[in-house]
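Read top to bottom, the protein sequences are chains A and B.
Position one of the first sequence corresponds to residue 7 (our numbering), numbered consecutively onward.
Position one of the second sequence corresponds to residue 7 (our numbering), numbered consecutively onward.
The reader is advised that the hints may include incorrect statements.
Same chains, same names: a pair is fine if it fits in one copy or spans any two.
Unchecked claim - No farther apart than 30 Å at their CA atoms in a straight line, the calculated lysine-lysine pairs in the DSSO-like style are these:
#1 Lys151 / Lys258
#2 Lys278 / Lys321
#3 Lys173 / Lys254
#4 Lys495 / Lys559
#5 Lys124 / Lys254
No lab work stands behind these hints, which were simulated from the structure alone.
2 protein chains.
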Amino acid sequence: MTAKITILPDNISIRIKPNTPVKPALEKAGIAINYPCGGRGRCGKCRIQFGVSAPKPAPAEQTLLSARDIKKGYRLACCAQIERAATIIIPPEVRQAPEGRVLSTLGKQVEVDPLVRKVFLALQPASIQCQLSDSDLVHTALRAKGISLTDWTSSALQTLPAVLRQKNHSITATLAGTRCIAVEPGDTTKRLFGCAVDIGTTTVAAQLLDLNTGKELAATALLNPQSEHGFDVISRIQYAGEDPSHLKELQKKIVTCINRCIKALCQHARVKPEEIFHLVTAGNTTMTHLLLGVTPEFIGVSPYVPAFRDGHEFKPAEIGIRLHPEAIGYTLPNIGGFVGGDTVADMLVAAMAEGDALRCVIDIGTNGEVVIGNRQRLLATSAAAGPAFEGAQISHGMQAGPGAIDGWTCHPEVRFTTIGDAPAVGICGSGLVDIVAELLSAEVIDPSGRLQTAPHATSRVRSHGLARRIKRSSRGLQVLVASKTEGAKRNIYFTQNDVRQLQLAKGAIATAIELLLNEYGATSADIQTLYLAGAFGNYIRKDHAQRIALIPKLPLDRIQVIGDAALEGAKFVLLNTHYRETAERIARQTEFVELAGRPDFQDTFAANMSFP
Amino acid sequence: MTAKITILPDNISIRIKPNTPVKPALEKAGIAINYPCGGRGRCGKCRIQFGVSAPKPAPAEQTLLSARDIKKGYRLACCAQIERAATIIIPPEVRQAPEGRVLSTLGKQVEVDPLVRKVFLALQPASIQCQLSDSDLVHTALRAKGISLTDWTSSALQTLPAVLRQKNHSITATLAGTRCIAVEPGDTTKRLFGCAVDIGTTTVAAQLLDLNTGKELAATALLNPQSEHGFDVISRIQYAGEDPSHLKELQKKIVTCINRCIKALCQHARVKPEEIFHLVTAGNTTMTHLLLGVTPEFIGVSPYVPAFRDGHEFKPAEIGIRLHPEAIGYTLPNIGGFVGGDTVADMLVAAMAEGDALRCVIDIGTNGEVVIGNRQRLLATSAAAGPAFEGAQISHGMQAGPGAIDGWTCHPEVRFTTIGDAPAVGICGSGLVDIVAELLSAEVIDPSGRLQTAPHATSRVRSHGLARRIKRSSRGLQVLVASKTEGAKRNIYFTQNDVRQLQLAKGAIATAIELLLNEYGATSADIQTLYLAGAFGNYIRKDHAQRIALIPKLPLDRIQVIGDAALEGAKFVLLNTHYRETAERIARQTEFVELAGRPDFQDTFAANMSFP
């Protein structure tokens, strides 16, 4: 007795014995998927879907999958058994990337084909009969591999004679496009690394990648030390414009920070900085200007123009970044003064310029950027959301970090979670959204954003036992969201002013979305997929983001969280030079929409300040 | 009464009054020619040829033109009058270059179209309605002129915002190909300069050129300070190979020398070094290696290979050459270890790769290089001629300079000329050739190269009154070529050893020519034009060079002197980027023939040591 199973979308059918586990069945069918935890039923990542005949869920599946997903037929490939004839759908994101490819957060395959590559050459030494110059030996051997070299860096030429004769004419040439940038004795092809950096206004995040396999070897993040001169880009722009030495100082600060990131990455992965040959950075327009030592001051005054927009290739060594001295640096192109390379990187990850479906990317960081469109037309704008979602300007706000309240509920009673399960010390972005959403549902906050005093509290408030948590202080009304007795380090309050800050921030984002949709001639219902980018997006509850009207009411399965997509987009460009062209193209193609100049801006903003 | 004159090869006919001077007649016909001395009958450069009806030569013509030329109908356009109907042939080398072109020594028109150019742009500032970035303003304005820019140097981007706003958005962009390397406020298009350098083993010669007009603004020459470490390339190669610090030292010496040349050129022409945006150098392979800091040591040991052969683009600032910090440097490509970019430059001037006529270039400097061929096939070799033709290793030898005997005759009596008409202090290359040629004709030197003692002197020697000049000293036999009583600073002798040195040198050159001809399957009679390059070639008497069998017996009008063609070839590349491609192509196309390895080398060399 065998049962037929069909695997989709590959449409492969095989016959198996009933009660065969999914894992060997897929292997038999030649379908490779990822088991990040080694198939031990711990990570819940190997989600597959049974079209019909879903087996009874195992305990691990009940823990790691939502009831809704289980109902839809989702199971874990490492746990499930195929009881009888079945159809199994393999989502793209669980598939193992074929050799030479990596998978993105969204399951997209990215071919590893970087700008910089290494080629090992066992050369035939020159002779009196064949007096080829050292560089001609290299040219000839490369030509035999179908590679034609056009030029050399001076330093590669300088090292060539000695390198060639060190290991019996066996060398490894490092090529950037058609230029030879370095030569090393022997075979060092396995040692080729690249670094992707997301230069955020607040946080600098970096990854070290193996440019042969695309594998991520290490990741790190540091605070952007420029924060000393203001938390937002406007303060940095002003500081840079005050004195030429300030521009130098800001450049030095970000360079030092990147060097620290590189050092940490290298130590962790046992890589030498000189083995890193390519650096790709994504940052907002101001951050990119500061990195390159170009004044951003005219971004800050009307007509708000940057010095440059295009992606820029540079020599990291020239600005003091310590990698291989001939490493190639590249900053992603900007769209406008306030929509930068980080947004372009997001757009790469969200494949915004592919297909006809209307997509929307919202990147909420220190600033907020919104893009909507498809391959026909792309519109972008920035929303002056301020740093509320990063915890700034919130009484007990803090950045996402140990002890930050990242989840909060008051139904049926007040409960909260903190990052790292540490004692609560403050509230981060996702916690804020939860608090406001829950307090709205509990009617402690009214649609205009006003906190209700206990005497005015509705029956709902009383039923939640919230009334006693509402207190009046010198700062006005406030809600005790976590107390010492509940395991917090201190009593943590949420104030009337905090609601107002959040209203300003979410109103700015919502306004940007609405006005871009107007400009495009679409409504929120037309959005096929909405991507939430930024560290904040990783932790936010989608339904709560909708409850506070930060994002439009869409079916939840049309909302995808793509995390630090700026870093991932930089990684795309680092791993595959084709994405560099795509980035340049979409940056040129995207229309920047200036909201402040529009007659409908004030009204829309005012309307978006309130809650539904 | 008018007379008809026809101008060839233009085939223009006009009618003039008899006895009209040539100059206004040519102007009437619309033919522009150069009068380097301003038409004052002093330089003898405005040579034209009467087909028939040549007028009686004026006194200036009799001084400045040879009797033979006068007989052939050559006259000076600034002196001659047209007596009656005539045909006038205008040689290419006297024609005035049309706008945007310069004329080479050989009368070739070189279009001024350099790699680096300046473009003035009066930009429309950005506005809220049209938020173009600073660099996009430049891109857009250039695109309107049909120029598409692909990238920027970081420093150009860094200066752009301030430059743009300094003179009301009027800027000058300096472009190297499709890359913007600098921006300056206002219109500086008139200030665009380039520098061509011939890096000789002994002498470094440099020219400053206006890259808008191609005009030579200044020229200078300095001794190569590397000479401290040996007069020939072999000594430099050895010194460089002894210790890495020696390579650095030699590089620093040549860089300092080039900087001194640039300083002198700039002072003379009132140009700032930062206004020089392009530098092109021609040098032999070793000189080029040393300039770029690449060890030449393997050129010196079997199998005698250089580190690189191709032309190399570099940043002069990186090696310490003081021009504009973003200026582009380019070293001409080499053919082999001992045939370098200077020879390739000669080949550009001699148009070796054009046409089917067999041509030969002989460049006699500290080393000797010979090239023969045509567009089908090109062969090159080096002849270890040694520095005898530069006066080295000759008892009273000296470089061409004030007081050097550059012409010598003993028929009917001893007479000599010196450079600058200064009292004689020594003998330079062309003087040596004259002395040997004359002493051969006078039978003081026999065909084997032996000096004849006075008792053995033939009647011819006696008739020349030379017998009393032949003396025996501790150095062996010697000839007094100039005495104090004849106006020399000291008694100047020519020794038996000097004849031997000259025999070795001329034998090496003649052998190279003969063996290349053999390899090509041609004889010397097949050579359509033989070009003599190098400072030495400027002063040599062609018939004397043939008398000593330095060069083959060809009709004298097939021999052309092209002076410092290495410098002129570098100038070609500087003025017109198309010549860079040509240089790369001919360097790759030219076969290097290693003479030392050939079985027929020793015999041919021995045979070429003697005199005809």
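Each hint tested on the structure:
1. Lys151 / Lys258: For Lys151 and Lys258, the Cα distance exceeds 30 Å both inside one copy (42 Å) and across copies (38 Å).
2. Lys278 / Lys321: both (18 Å within a copy, 27 Å between copies)
3. Lys173 / Lys254: For Lys173 and Lys254, the Cα distance is within 30 Å only across copies (24 Å; inside one copy 43 Å).
4. Lys495 / Lys559: neither (36 Å within a copy, 105 Å between copies)
5. Lys124 / Lys254: Classified as between; 29 Å across copies, 35 Å inside a copy.
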